[in-house]
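J.: This is what each chain is made of:
Number of protein chains: 2
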Amino acid sequence: MEIHLNGFHDGNPEIYPPAGEDKLYSPEMPDELDVLIVGSGPAGLNLAAQLSQFPEIKTRIAERKDGPMLRGQADGVSCRSMEMFNAFGFVEKAAKEGHWVNETCFWQPDPENPENPEQIVRAGRVQDVEDDLSEMPHIILNQARVHDFYLEVMRNSPTRLDVDYQYQLQILEIDTGESAYPVTATFAHQGQTKTVRAKYVVGCDGARSAVRTAIGRELKGDYAYQSWGVMDILMTTDFPDIRHKNIIKSAAAGNILIIPREGGHLVRLYVELDKLSERGGSKGVSLEHIIDTASRIFSPYQIDVKEVAWWSVYEIGHSLTDKFDDVPATDINHRLPHVFIAGDACHTHSAKAGQGMNVSMGDSFNLGWKLISVLTGRCPPELLHSYSAERQAVAQDLIDFDHEWSRAMSKPPEDSDDTTPLIQKHFVAGGEFTAGLRVTYPPSSITSSSDWQHLATGQPVGNRFHSAPVIRLSDARPMQLGDTIKIDTRWHIYAFAGSGDPAATDSGIYKLCTFLANDKNSPVLKHTPEGADIDSVISVYGIFQQSHQALDFEAM
Amino acid sequence: MEIHLNGFHDGNPEIYPPAGEDKLYSPEMPDELDVLIVGSGPAGLNLAAQLSQFPEIKTRIAERKDGPMLRGQADGVSCRSMEMFNAFGFVEKAAKEGHWVNETCFWQPDPENPENPEQIVRAGRVQDVEDDLSEMPHIILNQARVHDFYLEVMRNSPTRLDVDYQYQLQILEIDTGESAYPVTATFAHQGQTKTVRAKYVVGCDGARSAVRTAIGRELKGDYAYQSWGVMDILMTTDFPDIRHKNIIKSAAAGNILIIPREGGHLVRLYVELDKLSERGGSKGVSLEHIIDTASRIFSPYQIDVKEVAWWSVYEIGHSLTDKFDDVPATDINHRLPHVFIAGDACHTHSAKAGQGMNVSMGDSFNLGWKLISVLTGRCPPELLHSYSAERQAVAQDLIDFDHEWSRAMSKPPEDSDDTTPLIQKHFVAGGEFTAGLRVTYPPSSITSSSDWQHLATGQPVGNRFHSAPVIRLSDARPMQLGDTIKIDTRWHIYAFAGSGDPAATDSGIYKLCTFLANDKNSPVLKHTPEGADIDSVISVYGIFQQSHQALDFEAM
Numbered sequence: 001m002e003i004h005l006n007g008f009h010d011g012n013p014e015i016y017p018p019a020g021e022d023k024l025y026s027p028e029m030p031d032e033l034d035v036l037i038v039g040s041g042p043a044g045l046n047l048a049a050q051l052s053q054f055p056e057i058k059t060r061i062a063e064r065k066d067g068p069m070l071r072g073q074a075d076g077v078s079c080r081s082m083e084m085f086n087a088f089g090f091v092e093k094a095a096k097e098g099h100w101v102n103e104t105c106f107w108q109p110d111p112e113n114p115e116n117p118e119q120i121v122r123a124g125r126v127q128d129v130e131d132d133l134s135e136m137p138h139i140i141l142n143q144a145r146v147h148d149f150y151l152e153v154m155r156n157s158p159t160r161l162d163v164d165y166q167y168q169l170q171i172l173e174i175d176t177g178e179s180a181y182p183v184t185a186t187f188a189h190q191g192q193t194k195t196v197r198a199k200y201v202v203g204c205d206g207a208r209s210a211v212r213t214a215i216g217r218e219l220k221g222d223y224a225y226q227s228w229g230v231m232d233i234l235m236t237t238d239f240p241d242i243r244h245k246n247i248i249k250s251a252a253a254g255n256i257l258i259i260p261r262e263g264g265h266l267v268r269l270y271v272e273l274d275k276l277s278e279r280g281g282s283k284g285v286s287l288e289h290i291i292d293t294a295s296r297i298f299s300p301y302q303i304d305v306k307e308v309a310w311w312s313v314y315e316i317g318h319s320l321t322d323k324f325d326d327v328p329a330t331d332i333n334h335r336l337p338h339v340f341i342a343g344d345a346c347h348t349h350s351a352k353a354g355q356g357m358n359v360s361m362g363d364s365f366n367l368g369w370k371l372i373s374v375l376t377g378r379c380p381p382e383l384l385h386s387y388s389a390e391r392q393a394v395a396q397d398l399i400d401f402d403h404e405w406s407r408a409m410s411k412p413p414e415d416s417d418d419t420t421p422l423i424q425k426h427f428v429a430g431g432e433f434t435a436g437l438r439v440t441y442p443p444s445s446i447t448s449s450s451d452w453q454h455l456a457t458g459q460p461v462g463n464r465f466h467s468a469p470v471i472r473l474s475d476a477r478p479m480q481l482g483d484t485i486k487i488d489t490r491w492h493i494y495a496f497a498g499s500g501d502p503a504a505t506d507s508g509i510y511k512l513c514t515f516l517a518n519d520k521n522s523p524v525l526k527h528t529p530e531g532a533d534i535d536s537v538i539s540v541y542g543i544f545q546q547s548h549q550a551l552d553f554e555a556m
Numbered sequence: 001m002e003i004h005l006n007g008f009h010d011g012n013p014e015i016y017p018p019a020g021e022d023k024l025y026s027p028e029m030p031d032e033l034d035v036l037i038v039g040s041g042p043a044g045l046n047l048a049a050q051l052s053q054f055p056e057i058k059t060r061i062a063e064r065k066d067g068p069m070l071r072g073q074a075d076g077v078s079c080r081s082m083e084m085f086n087a088f089g090f091v092e093k094a095a096k097e098g099h100w101v102n103e104t105c106f107w108q109p110d111p112e113n114p115e116n117p118e119q120i121v122r123a124g125r126v127q128d129v130e131d132d133l134s135e136m137p138h139i140i141l142n143q144a145r146v147h148d149f150y151l152e153v154m155r156n157s158p159t160r161l162d163v164d165y166q167y168q169l170q171i172l173e174i175d176t177g178e179s180a181y182p183v184t185a186t187f188a189h190q191g192q193t194k195t196v197r198a199k200y201v202v203g204c205d206g207a208r209s210a211v212r213t214a215i216g217r218e219l220k221g222d223y224a225y226q227s228w229g230v231m232d233i234l235m236t237t238d239f240p241d242i243r244h245k246n247i248i249k250s251a252a253a254g255n256i257l258i259i260p261r262e263g264g265h266l267v268r269l270y271v272e273l274d275k276l277s278e279r280g281g282s283k284g285v286s287l288e289h290i291i292d293t294a295s296r297i298f299s300p301y302q303i304d305v306k307e308v309a310w311w312s313v314y315e316i317g318h319s320l321t322d323k324f325d326d327v328p329a330t331d332i333n334h335r336l337p338h339v340f341i342a343g344d345a346c347h348t349h350s351a352k353a354g355q356g357m358n359v360s361m362g363d364s365f366n367l368g369w370k371l372i373s374v375l376t377g378r379c380p381p382e383l384l385h386s387y388s389a390e391r392q393a394v395a396q397d398l399i400d401f402d403h404e405w406s407r408a409m410s411k412p413p414e415d416s417d418d419t420t421p422l423i424q425k426h427f428v429a430g431g432e433f434t435a436g437l438r439v440t441y442p443p444s445s446i447t448s449s450s451d452w453q454h455l456a457t458g459q460p461v462g463n464r465f466h467s468a469p470v471i472r473l474s475d476a477r478p479m480q481l482g483d484t485i486k487i488d489t490r491w492h493i494y495a496f497a498g499s500g501d502p503a504a505t506d507s508g509i510y511k512l513c514t515f516l517a518n519d520k521n522s523p524v525l526k527h528t529p530e531g532a533d534i535d536s537v538i539s540v541y542g543i544f545q546q547s548h549q550a551l552d553f554e555a556m
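Chains as they are written, first to last, in my numbering: chain A, 1 to 556; chain B, 1 to 556.
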């Protein structure tokens with residue numbers, strides 16, 4: 001028996017009561033949809049999981065593959081993504097299964113042993129996530145499990161949303177007129193053709209995105225003529241830091257990035273291979289070559305590879321589209337977007353900064369609440385322009401960062417009197433970026449200018465809300481402020497009270513609450529529909545400086 | 001892709017690969033079993049979940065009801081039970097769903113308002129669980145959800161164990177001779193008779209236990225002639241501490257215990273009703289009477305009951321059997337136990353100390369590893385005598401504690417110059433007991449005498465292992481020492497090293513490790529079968545005083 005505000009029901013409280021029959025997922029793909037998502041990778045599933053909570057929005061997610069991913073290649077989950085997982089309600093599962101990256105170690109030739117430059121020593125060790133950067137750890141967890149968590153949220157949602165497999169997008173057409181369902185998508189499905197009309201289509205269909213092609217956008221990029229090998233292996237070794245993240249720079253054999261994997265035994269090695277004279281020049285590189293190169297870099301430590309779960313060779317490249325929706329930059333003022341792209345469909349980069357899956361999920365997390373707010377009538381559709389504006393800039397930052405990081409990774413270890421490796425300095429300087437926490441959205445209709453920054457000195461305007469440990473007044477429960485954020489698309493007012501008695505009628509918090517509760521300009525009163533719960537659109541939290549025992553709950 | 005020592009498999013790592021066909025649960029009840037559990041309450045499921053991990057042990061759990069419990073009445077989960085849930089791997093689910101009891105408040109007539117003795121005020125407030133008592137919180141969670149968690153562990157186990165419903169025990173016979181399957185149980189099942197022979201039978205079949213009756217034991221007890229009403233309700237109230245645990249003692253209207261429930265809205269009230277002149281005298285008490293009494297006790301605060309999820313009236317009694325197995329005390333030296341009883345089958349008491357479910361699960365947690373160790377040949381069957389010896393004493397302590405607590409709860413508020421309510425002093429003094437942490441097993445073949453206590457000053461001999469926060473050396477992961485304990489029935493050696501260099505050959509830890517690794521008297525070498533992993537029977541952990549950065553992993 002789980003107990004809710006409006007009654008009691010049995011069983012797992014994370015399984016919502018199902019919506020009405022016509023709002024539930026059914027095997028037959030409907031002809032008309034509010035939102036059609038193409039692609040069920042991290043970006044597509046993140047978006048679908050958000051939309052699945054709203055039975056009034058008709059959503060489907062189409063995937064060309066035959067079924068869910070069993071083994072993926074992405075594995076880095078940043079602190080920011082973990083914060084997002086908390087909003088979805090599965091962060092504790094990810095934290096339990098994942099490998100926690102707590103420290104990163106830096107190895108290079110021993111300056112005190114110049115006779116044997118091929119022998120590496122540990123030159124530095126840093127905390128992977130700086131104190132108070134986030135309440136969440138940085139973890140490593142296979143992409144397939146992240147998919148599983150989103151799928152579970154969808155299947156437990158009021159709409160019981162699931163993925164439609166074996167739908168290959170063929171044609172996508174946009175009617176720029178006044179049609180209620182302006183986008184028409186034609187799929188090949190099990191030998192048949194299926195046509196769907198939608199209000200919005202979101203292409204989360206990867207680097208070869210058919211949606212991107214349909215809206216006439218291109219991935220434009222550059223190319224570094226450098227190949228890397230990557231392998232997930234079981235091995236025995238006397239290298240002491242094998243359960244840490246490591247960057248090894250050898251004198252002449254090249255560089256390695258070590259990422260320990262979940263489960264306690266497997267490890268991923270990124271091994272720098274040869275400079276290339278032409279694109280595709282890494283073709284034909286063998287697993288043995290990668291292992292041999294790795295063995296030389298590890299010297300004087302031994303590695304004995306017992307089993308290879310997966311391996312691949314890739315060449316470094318970066319690419320980006322100039323805009324993430326179907327509206328040309330010149331038409332923004334008189335045309336609304338109806339097709340969006342997210343994730344690898346609009347940006348690709350190297351894997352070693354561990355950003356791919358995270359930035360892709362960040363894209364559709366940004367788009368999700370906007371689509372929901374527009375489709376439920378809470379926000380005007382012009383809001384949707386902000387998706388491309390905000391996320392294209394984030395992707396550009398990522399590519400700039402990744403360029404810099406790739407160059408730093410490939411540089412040979414430097415001679416220097418400074419004992420801290422240069423790569424370690426790079427790493428520390430980029431820590432906030434890598435954690436996903438250096439995203440700052442520019443001023444817009446939803447983000448204020450920095451003119452108001454002095455009112456919230458600890459919370460940079462345009463950044464994600466930074467959590468902090470608090471004690472809940474009603475039941476003295478220790479929790480994180482960030483725990484109040486769920487994927488319910490509500491707005492939040494966090495009121496940080498002054499040090500005085502909050503019950504005093506001249507205190508700021510008293511005056512704010514009076515305004516919010518009674519004034520005709522109160523956003524809470526203005527935006528909450530009549531009859532709805534007072535916190536259903538905007539929830540208000542007060543944060544007090546006093547200890548919870550010192551506050552008089554009754555007087556407040 | 002989850003990655004394990006011996007390979008990789010897809011999906012949820014908590015779902016174990018299934019054992020061979022003949023070791024898997026199948027709908028047909030076998031004729032011969034190693035362990036037959038009767039009853040699928042907290043004690044039975046706790047035991048079944050442990051045994052389900054061992055495919056070499058043939059276990060079934062028979063239940064007379066038609067299906068799993070949907071709404072249970074027990075709800076208190078002590079810190080000790082949460083530690084146990086951690087060993088089962090579901091503590092994070094319980095912590096997420098449950099209501100955390102963080103503080104307990106004490107209300108009584110206002111001494112500064114003697115004109116209005118019927119008006120209560122908060123007289124005290126204490127932290128519910130003292131600092132460092134346990135790494136786990138005290139929570140409130142419906143018994144049915146605790147059942148669900150155990151069932152999930154069973155269904156994900158290598159044996160895929162499930163409950164056999166609609167099995168009503170009719171006859172239980174014990175052959176005290178040399179039979180390999182000395183216990184014969186006869187069930188009525190869907191109009192048929194089914195006979196099962198078992199090596200061991202465990203009665204977890206509640207206060208009216210048929211297993212207890214079959215071994216000729218009785219619940220003997222006493223009776224307090226005091227009735228209480230209990231109800232799970234939704235209400236609106238201006239009582240400020242309604243989301244805290246509270247004990248209210250009114251001047252003349254009686255006493256209330258408030259337990260907030262999971263989900264954020266429901267609350268359980270235990271309301272003291274009338275003294276009784278005879279057993280069963282509370283028959284006919286109405287819900288209205290309970291609500292009226294509660295309203296008077298809450299004065300000057302208002303309560304407005306909106307919905308009643310469940311209510312009941314009970315009379316206080318305590319009872320206990322003298323022994324928890326089938327061997328008469330006089331026969332211990334020449335007869336081995338084959339039938340055990342656990343939980344309500346051997347002890348009953350009032351609900352208000354929140355101990356019932358906890359002590360029941362503690363019973364079968366104690367029995368589980370012993371049955372497994374005996375059936376897998378690791379321990380001699382004489383070990384099984386220790387179950388009744390250890391747990392009967394625990395139940396006796398519980399009943400003594402509960403007597404005292406019931407008396408304290410029913411006492412009217414006292415006049416005293418001391419402003420701390422007497423009941424608060426009682427509560428604080430009993431905190432360690434209520435948390436399930438004052439269980440001390442006496443010296444036996446498995447518990448040393450206190451002669452060795454000076455070697456482990458922070459860990460009282462005979463108590464549960466007290467956890468502490470540590471950093472794991474291999475990957476710098478912050479964790480709890482208690483996280484190392486799983487339901488795998490391994491033994492553990494925790495070696496707390498001195499402050500010196502652990503790699504020095506004259507350090508205690510160096511010498512211990514050398515002994516354990518090489519000496520012919522090493523328990524690790526003696527008890528680990530040839531070819532098995534070195535930590536498969538006894539795992540060894542070193543705990544160091546230095547920070548993890550100060551320790552040289554390579555030298556160790």
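It should be emphasised that the hints constitute simulated quantities derived from the structure, not laboratory data. Don't take each hint at face value.
[To be verified] Simulated crosslink set (DMTMM-like; lysine to aspartate or glutamate; CA at most 25 Å straight-line):
(1) B:Lys306 <-> A:Asp475
(2) A:Lys96 <-> B:Glu530
(3) B:Lys425 <-> A:Asp331
(4) B:Lys425 <-> A:Asp475
(5) A:Lys306 <-> B:Glu554
(6) B:Lys511 <-> A:Glu152
(7) B:Lys306 <-> A:Glu288
(8) A:Lys352 <-> B:Asp10
(9) A:Lys306 <-> B:Asp10
(10) A:Lys96 <-> B:Glu14
(11) B:Lys65 <-> A:Asp10
(12) A:Lys411 <-> A:Asp10
(13) A:Lys352 <-> B:Glu152
(14) A:Lys23 <-> B:Glu56
(15) A:Lys194 <-> A:Asp397
(16) B:Lys352 <-> A:Asp475
(17) A:Lys220 <-> A:Asp331
(18) A:Lys306 <-> B:Asp533
(19) A:Lys306 <-> B:Glu56
(20) A:Lys23 <-> A:Asp397
(21) B:Lys96 <-> A:Glu56
(22) B:Lys306 <-> A:Glu152
(23) B:Lys96 <-> A:Asp110
(24) B:Lys306 <-> A:Asp110
(25) A:Lys306 <-> B:Glu135
(26) B:Lys352 <-> A:Asp331
(27) A:Lys96 <-> B:Glu404
J.: Please go over all the hints and tell whether each is borne out by the structure.
T.: A quick look at each hint next to the structure:
Our distance criterion of 25 Å between C-alpha atoms is met by Lys306 of chain B and Asp475 of chain A, whose separation comes to about 21 Å. Proposed proximity of Lys96 of chain A and Glu530 of chain B is contradicted: the alpha carbons are some 33 Å apart, above 25 Å. Taking the CA atoms of Lys425 of chain B and Asp331 of chain A, the gap is near 74 Å; set against the 25 Å cutoff, the hint is violated. At most 25 Å may separate the alpha-carbon atoms for a hinted pair to count; Lys425 of chain B and Asp475 of chain A meet this at roughly 21 Å.
For the proposed pair Lys306 of chain A and Glu554 of chain B, the alpha carbon gap of about 22 Å is at most 25 Å, so the pair holds. Restraint check for Lys511 of chain B and Glu152 of chain A: the C-alpha separation of about 51 Å exceeds 25 Å, so the hint is violated. Taken as a hint, the Lys306 of chain B and Glu288 of chain A pair is broken in the structure, with Cα atoms around 72 Å apart against an allowance of 25 Å. The straight-line distance between the Cα atoms of Lys352 of chain A and Asp10 of chain B is roughly 24 Å, inside the 25 Å bound, and the hint therefore holds.
A threshold of 25 Å between alpha carbons decides the hint, and for Lys306 of chain A with Asp10 of chain B the separation of about 20 Å falls inside it, so the pair holds. Taking the CA atoms of Lys96 of chain A and Glu14 of chain B, the gap is near 11 Å; set against the 25 Å cutoff, the hint holds. With a C-alpha separation of about 17 Å, the suggested pair Lys65 of chain B and Asp10 of chain A falls inside the 25 Å cut-off, and the hint holds. Pair hint Lys411 of chain A plus Asp10 of chain A does not hold up; C-alpha atoms about 59 Å apart against a cutoff of 25 Å.
Between Lys352 of chain A and Glu152 of chain B the alpha-carbon distance is near 38 Å, which puts this suggested pair outside the 25 Å criterion. For the suggested pair Lys23 of chain A and Glu56 of chain B, the alpha carbons sit about 48 Å apart, so the restraint of at most 25 Å is broken. Restraint check for Lys194 of chain A and Asp397 of chain A: the C-alpha separation of about 39 Å exceeds 25 Å, so the hint is violated. Between Lys352 of chain B and Asp475 of chain A the CA atoms are separated by roughly 20 Å; this keeps the pair inside 25 Å, and the hint holds.
For the given pair, Lys220 of chain A sits about 22 Å from Asp331 of chain A by alpha-carbon distance, which is consistent with the 25 Å threshold. Restraint check: the Cα-Cα separation between Lys306 of chain A and Asp533 of chain B comes to about 17 Å, which is no more than 25 Å; the hinted pair holds. Between the alpha carbons of Lys306 of chain A and Glu56 of chain B the distance comes to roughly 30 Å, so the proposed pair goes past 25 Å and is violated. A threshold of 25 Å between alpha carbons decides the hint, and for Lys23 of chain A with Asp397 of chain A the separation of about 40 Å lies outside it, so the pair is violated.
Among the hinted pairs, Lys96 of chain B with Glu56 of chain A is inconsistent with the structure: their alpha-carbon atoms are about 29 Å apart, more than 25 Å. Restraint check: the Cα-Cα separation between Lys306 of chain B and Glu152 of chain A comes to about 34 Å, which exceeds 25 Å; the hinted pair is violated. Straight-line distance between C-alpha atoms of Lys96 of chain B and Asp110 of chain A comes to about 49 Å, which puts the hinted pair past the 25 Å bound. Only pairs whose Cα atoms come within 25 Å are accepted, and Lys306 of chain B paired with Asp110 of chain A is rejected, the gap being roughly 74 Å.
Distance hint between Lys306 of chain A and Glu135 of chain B is unfulfilled; the C-alpha atoms sit about 39 Å from each other, more than 25 Å. With a C-alpha separation of about 69 Å, the suggested pair Lys352 of chain B and Asp331 of chain A falls outside the 25 Å cut-off, and the hint is violated. For the suggested pair Lys96 of chain A and Glu404 of chain B, the alpha carbons sit about 41 Å apart, so the restraint of at most 25 Å is broken.
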